[in-house]
Amino acid sequence: MDVDLIFRIAAIGIIVSVLYQVLLRSGREEQAMMTSLAGLIVVLMMMIQEISNLFETVKTVFDL
Amino acid sequence: MMVSWEQIAVFCLISAILALVLRQYRPEFSMLISMACGIAALLFLLEGIGEIRQELERMLAATMLPSELLTVVFKGLGICVLGEFAGQLCRDAGESAIALKVELAGRTALLLLALPLFYQLLQTVSQLLSAVG
Numbered sequence: 001m002d003v004d005l006i007f008r009i010a011a012i013g014i015i016v017s018v019l020y021q022v023l024l025r026s027g028r029e030e031q032a033m034m035t036s037l038a039g040l041i042v043v044l045m046m047m048i049q050e051i052s053n054l055f056e057t058v059k060t061v062f063d064l
Numbered sequence: 065m066m067v068s069w070e071q072i073a074v075f076c077l078i079s080a081i082l083a084l085v086l087r088q089y090r091p092e093f094s095m096l097i098s099m100a101c102g103i104a105a106l107l108f109l110l111e112g113i114g115e116i117r118q119e120l121e122r123m124l125a126a127t128m129l130p131s132e133l134l135t136v137v138f139k140g141l142g143i144c145v146l147g148e149f150a151g152q153l154c155r156d157a158g159e160s161a162i163a164l165k166v167e168l169a170g171r172t173a174l175l176l177l178a179l180p181l182f183y184q185l186l187q188t189v190s191q192l193l194s195a196v197g
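Residue numbers (our numbering), protein chains in the order written: chain A, 1 to 64; chain B, 65 to 197.
Just so you know, the hints here were simulated from the structure itself, not pulled from any lab data.
Hints may contain errors.
Said to hold, decoys possible - Dumping the calculated DSBU-like pairs for lysine-lysine here, alpha-carbon to alpha-carbon at most 35 Å:
no.: 1; chain 1: A; residue 1: LYS59; chain 2: B; residue 2: LYS139
no.: 2; chain 1: B; residue 1: LYS165; chain 2: B; residue 2: LYS139
no.: 3; chain 1: B; residue 1: LYS165; chain 2: A; residue 2: LYS59
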């Protein structure tokens with residue numbers, strides 16, 4: 001499930017960079033910026049759950 | 065599910081390649097990939113660390129030492145793991161100033177954790193000295 005997460009992040013990154021280039025070439029700088037921002041937010045939302053998961057696990061394992 | 069170390073190594077290599085590919089286009093995604101890789105690898109490793117802890121507790125129970133000694137050691141280990149994880153990620157992102165603060169926070173927490181134990185040691189030493197003298 002975690003290998004899956006890496007591949008998902010990489011796929012989102014590639015798609016966002018392609019979209020960014022296409023939108024930039026067609027002269028829509030604002031939309032290109034919004035696309036990259038949206039991709040970043042999506043990935044951050046995915047990561048936040050994993051970060052809290054890691055912290056909870058560390059807390060239980062190490063009795064913090 | 066226990067993951068073998070070879071699987072973790074291959075997994076980290078794949079993540080490194082993906083991060084390297086994405087760095088030219090989107091550097092922020094490359095940092096997120098290294099973060100996800102670190103989280104996944106740590107989550108895999110923590111299962112093994114939990115087993116090691118159970119073994120050590122069983123060993124410590126055979127001696128007459130109080131069990132809170134091992135608790136303090138493992139708490140310190142947890143602080144080190146989390147602090148180092150966050151600090152290295154910040155350093156990879158090019159923010160060594162923030163990384164230093166994270167490590168400083170970890171050291172402060174570690175010192176706060178260890179000082180009561182040190183005080184206990186000093187008390188034991190002074191008791192011994194007064195018994196001798």
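Do the alpha carbons of A:LYS59 and B:LYS139 lie within 35 Å of each other, as the hint requires?
holds, 9 Å
Just to be careful, I want the Cα atoms of B:LYS165 and B:LYS139 compared with a cutoff of 35 Å; is the pair within it?
holds, 20 Å
Between the alpha carbons of B:LYS165 and A:LYS59, is the straight-line distance 35 Å or under?
holds, 21 Å
In the structure shown, no violation is registered for any of the earlier numbered hints.
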